[in-house]
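Build the full structure now, drawing on both the sequences and the hints.
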Amino acid sequence: MVSNHDRELIRNDIHSRGAKLSAAERENILRPYLPDPSDLRRRPSQRHKKAHRRTPVRTFVKAQIHRVAYTFVHIFFGIIYRLMQSYHAVVDRICAIIYYHHRTPELIRKDVKGLKRLPEHLSVILSLRKEEDALTVLMDEIAELAAWSASAGIPVLSVYEKTGALKSCIPVLHRVIMNKMCFYYGSPTEQPMLRLFAPHHPVFEQPQQAFSRNRSSDAFLTVLLLSATDGRETFVDLTKTLAEMSQGGKLAPQDITMELVDAEISEITTQPTRPLSPTMGEHNRTSGPLRLVAKPEPDLLLVFGSFLRLDGYPPWHIRLTEMFCTGGRSCGTNTSEEAVEYHGFLRGLWHYAGAQMRFGR
Amino acid sequence: MSTSIHLSRFRKWLLASPPMEFVIAQLRELLVGAIRQGPVPQHIAFVMDGNRRFARSHGIETVEGHNMGFEALARILEVCYKSGVKVVTIYAFSIENFKRSKFEVDALMEMARVKLSQMAQHGEILDRYGAKVRVLGRLDMLKPDVLAAVNRAVEMTSGNGERILNICFPYTSRDEITGAIRDTVSAYSQPLPADRPSVASQRTPFSETHITQNIRAQAQHTKADDPPSDIETASESSGEDGSLKTHHSNQVYESGSSFSSSSTLHLGGQTDAANGRENSPRKERAVYMSPETITRQTLTEHMFTGDNPPLDLLVRTSGVERLSDFMLWQCHEETEIVFLDVLWPDFDLWHFLPVLLGWQRRISKAKKNPDAEGDFDGESYEPAEDSNGKIKGL
Chain A
1 MVSNHDRELI RNDIHSRGAK LSAAERENIL RPYLPDPSDL RRRPSQRHKK AHRRTPVRTF
61 VKAQIHRVAY TFVHIFFGII YRLMQSYHAV VDRICAIIYY HHRTPELIRK DVKGLKRLPE
121 HLSVILSLRK EEDALTVLMD EIAELAAWSA SAGIPVLSVY EKTGALKSCI PVLHRVIMNK
181 MCFYYGSPTE QPMLRLFAPH HPVFEQPQQA FSRNRSSDAF LTVLLLSATD GRETFVDLTK
241 TLAEMSQGGK LAPQDITMEL VDAEISEITT QPTRPLSPTM GEHNRTSGPL RLVAKPEPDL
301 LLVFGSFLRL DGYPPWHIRL TEMFCTGGRS CGTNTSEEAV EYHGFLRGLW HYAGAQMRFG
361 R
Chain B
1 MSTSIHLSRF RKWLLASPPM EFVIAQLREL LVGAIRQGPV PQHIAFVMDG NRRFARSHGI
61 ETVEGHNMGF EALARILEVC YKSGVKVVTI YAFSIENFKR SKFEVDALME MARVKLSQMA
121 QHGEILDRYG AKVRVLGRLD MLKPDVLAAV NRAVEMTSGN GERILNICFP YTSRDEITGA
181 IRDTVSAYSQ PLPADRPSVA SQRTPFSETH ITQNIRAQAQ HTKADDPPSD IETASESSGE
241 DGSLKTHHSN QVYESGSSFS SSSTLHLGGQ TDAANGRENS PRKERAVYMS PETITRQTLT
301 EHMFTGDNPP LDLLVRTSGV ERLSDFMLWQ CHEETEIVFL DVLWPDFDLW HFLPVLLGWQ
361 RRISKAKKNP DAEGDFDGES YEPAEDSNGK IKGL
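One line per chain: the protein sequences are A and B, in this order.
In terms of the UniProt record's numbering, the first sequence is residues 1 to 361.
In terms of the UniProt record's numbering, the second sequence is residues 1 to 394.
Be aware that one or more of the hints could be misleading.
Facing chain B, a subset of chain A residues (Cβ under 10 Å, in silico) [claimed, not checked]:
1) ALA134
2) LEU260
3) TYR313
Computed list of chain A residues with no C-beta within reach of chain B, every gap over 12 Å [to be verified]:
4) PRO56
5) ALA96
6) ILE97
7) TYR99
8) THR104
9) GLY114
10) PRO171
11) MET178
12) PHE183
13) THR189
14) LYS295
15) PHE307
16) LEU310
17) ARG319
18) HIS351
Simulated coverage check for chain A against chain B, where a stretch passes if three residues somewhere in it have a Cβ under 8 Å from a Cβ of chain B [said to hold, decoys possible]:
19) 87 to 93
20) 142 to 156
Keep in mind that the hints were calculated from the coordinates and are not lab data.
Where is the CB? At the ideal position from N, CA and C, for every residue including glycine.
Dropping the structure here:
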């Protein structure tokens with residue numbers, strides 16, 4: 001804590017571009033604020049030890065005071081933390097009652113109608129729980145999220161799950177999502193088209209759905225599955241390939257530019273490896289509104305958890321992504337996973353649109 | 001309206017009075033000392049956002065706002081280093097910021113130059129406290145006089161250990177990642193010195209040619225018509241299994257990227273050609289390190305922050321909830337990202353304390369029952385061991 005007098009001196013010095021004070025004068029101003037050098041843990045020199053021996057009692061008492069202060073501060077903080085947690089838990093429940101989707105796309109649409117902007121690409125970080133039926137629960141959550149996104153009019157949803165367990169059951173997941181859509185939309189002609197893919201996996205969509213002519217809705221939803229291997233490992237693979245090429249004399253290290261890396265990394269996450277069959281590829285190319293390429297950079301990243309951590313999320317594309325953590329920044333539960341709930345999703349969208357939360361928080 | 005002005009003036013006066021100043025200083029010291037007793041993040045990154053908005057809302061010049069921001073930085077650095085943080089990384093200037101008005105860019109550059117050269121004048125103090133200053137980023141984009149000041153400050157403190165201040169000066173994370181890839185590639189395309197193959201052969205105790213001969217002999221024996229080229233590529237590196245797998249993944253990758261191979265280089269064909277060439281006896285050719293030994297760790301080491309402890313905490317002020325191209329790679333699994341709704345010049349211990357306490361609480365809890373909260377494979381924080389039991393009651 002710098003006293004006002006000294007602060008004024010320094011500020012005047014800054015105004016004159018550092019010309020007013022000499023180095024020695026500045027040091028004199030600074031000196032009272034510097035800790036005693038012997039307090040710092042440094043190389044165990046002779047002088048250091050002597051300094052400690054000089055004031056053993058004072059050092060000991062100081063350490064004890066700090067320890068007590070640590071305990072008390074944490075007790076105090078813990079109480080506040082718990083109070084906030086209970087407050088948020090109550091608000092959460094009320095929110096959950098007020099804002100419930102009732103499995104009606106119209107209601108969801110009404111909830112997001114007033115928002116100034118919607119993310120074009122929503123990304124969600126989910127985690128696999130430890131229970132037996134974890135995968136089933138996770139797939140159900142994804143299905144819910146997909147249904148909400150489709151109803152809200154978000155065209156791309158990417159789901160990050162660290163282990164990549166989802167990638168091995170894409171067809172099952174597709175069926176689960178389609179079933180969920182049935183609950184929301186009723187007849188299959190009302191449902192939005194669903195495309196599901198993961199990097200290095202072919203795009204998955206149901207042929208009969210794609211070819212049905214008498215569809216009443218032309219909405220579509222792309223779900224992208226990501227895992228930890230699509231993040232840093234991808235860069236490792238890219239570096240390996242580039243190193244091989246460079247060793248073979250096919251590429252100079254100076255040729256590696258940000259544009260090249262961007263192009264390579266973006267393709268992996270936005271473009272399915274290849275369509276399931278050539279005819280399907282034709283279909284995709286012919287039908288105009290169906291874009292095959294998703295927007296690589298997510299606009300909004302939702303974290304369902306007590307605090308914000310990326311958990312190995314692919315690093316390249318999140319530089320401008322808005323992040324939102326449903327747990328709030330200082331509250332949370334001991335179980336790190338939070339259930340995926342509609343009002344969390346909705347709060348994320350409000351937050352992205354810069355709207356005021358209508359209730360609490 | 002007027003009462004509030006009077007009140008704030010009175011508060012200012014009260015806070016500025018010597019006894020009050022003394023009390024606050026003691027309180028700060030107590031709190032910092034208290035934080036020291038628990039686990040402390042080893043590496044904290046700050047995005048110093050909100051200087052301009054602060055200037056606008058207080059009716060002062062933008063440059064003045066940046067100066068206030070610098071004061072806030074000094075305050076927070078004091079808190080960090082006193083409480084035992086080893087590395088602090090700050091986002092001072094983005095490459096994108098060059099697009100701002102020339103006046104502001106010049107003022108920022110001037111400020112950096114003055115601060116750094118002032119720092120260099122106090123080399124002895126910096127030396128005594130063992131602080132090391134490093135400037136990360138594209139130094140080639142700086143003006144010569146600023147660059148000279150940067151180099152002098154960095155050089156002067158390079159011998160100090162313990163505490164590190166990383167200043168990301170013209171920096172973006174994408175640029176850093178690209179640079180790391182480039183550095184790795186150029187490191188791997190340096191041929192190993194001629195006397196190194198003996199070391200390499202120590203690592204692979206089996207002779208490749210011998211294996212190939214054996215396989216050929218077997219193939220002839222069983223009359224199987226396996227294409228021998230596959231086996232040869234597999235036998236190239238030390239671990240056959242790993243090589244096969246990564247080879248496969250490379251192929252997957254190539255086919256994925258060959259969609260727009262016209263825009264980039266023709267990956268597919270060329271690497272095949274390279275593979276074909278590598279099949280020829282290696283003795284006459286330069287020997288390289290195998291690219292298969294590249295791991296995440298290799299890339300991490302080639303980042304600017306390669307030798308720093310992993311990032312524990314990232315704090316961004318002013319309520320903007322984006323990373324803005326900062327520390328994308330370093331935000332690994334356990335990094336806690338905190339967005340605070342306070343402008344940087346206002347940022348002080350009082351805003352930072354809840355963040356630190358929350359972090360300490362989480363880490364202490366995670367250490368007590370590792371199943372509950374992720375998988376924090378805690379580093380040993382020595383001072384934490386004895387004080388952990390005291391917050392059991394929470």
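Worksheet item: Can we trust that THR189 (chain A) is non-interface, i.e. its beta-carbon lies farther than 12 Å from all of chain B?
Response: Label holds. Min Cβ-Cβ 33 Å, cutoff 12 Å.
Discussion item. For LYS295 (chain A), is the shortest CB-to-CB distance to chain B above 12 Å, so the non-interface label stands?
Written reply: Consistent with the label, LYS295 (chain A) stays out of reach of chain B, its closest Cβ about 16 Å off (over 12 Å).
Worksheet item: the stretch 142 to 156 of chain A covered by chain B? Criterion: 3 or more residues, Cβ-Cβ distance below 8 Å.
Response: It is violated, with 0 qualifying residues against the three required.
Item to complete: Go check the stretch 87 to 93 of chain A versus chain B for me, would you? Three or more residues, Cβ under 8 Å, otherwise it fails.
Response: violated (count 0)
Worksheet entry | Status of PRO171 (chain A), Cβ more than 12 Å from any chain B Cβ | Check passes; 20 Å lies beyond 12 Å.
Worksheet item: Since HIS351 (chain A) was said not to touch the interface, does its Cβ keep a gap of more than 12 Å from each Cβ of chain B?
Response: The assertion about HIS351 (chain A) is violated, with a minimum of 8 Å to chain B.
Discussion item. Checking a non-interface call: every C-beta of chain B should be farther than 12 Å from the C-beta of ILE97 (chain A). Is that right?
Written reply: Check passes; 27 Å lies beyond 12 Å.
Worksheet entry | Status of the LEU260 (chain A) interface restraint (C-beta, 10 Å, chain B) | Holds - the Cβ of LEU260 (chain A) comes within 10 Å of chain B, reaching about 6 Å at its closest.
Practice prompt. Evaluate the condition: distance from the CB of PHE183 (chain A) to the nearest CB of chain B exceeds 12 Å.
Written response: 33 Å, holds
Fill in: Assertion that LEU310 (chain A) lies farther than 12 Å from chain B (Cβ)
The assertion about LEU310 (chain A) is violated, with a minimum of 5 Å to chain B.
Worksheet item: Do the numbers back the hint for TYR313 (chain A), that is, is its least Cβ distance to chain B under 10 Å?
Response: For TYR313 (chain A), the interface hint holds, since the closest Cβ of chain B sits about 8 Å away, which is under 10 Å.
Fill in: Assertion that ALA96 (chain A) lies farther than 12 Å from chain B (Cβ)
It holds; ALA96 (chain A) is separated from chain B by about 23 Å at its closest Cβ, greater than 12 Å.
When held up to the earlier numbered hints, the structure conflicts with 1, 15, 16, 17, 18, 19, 20 and fits the remainder.
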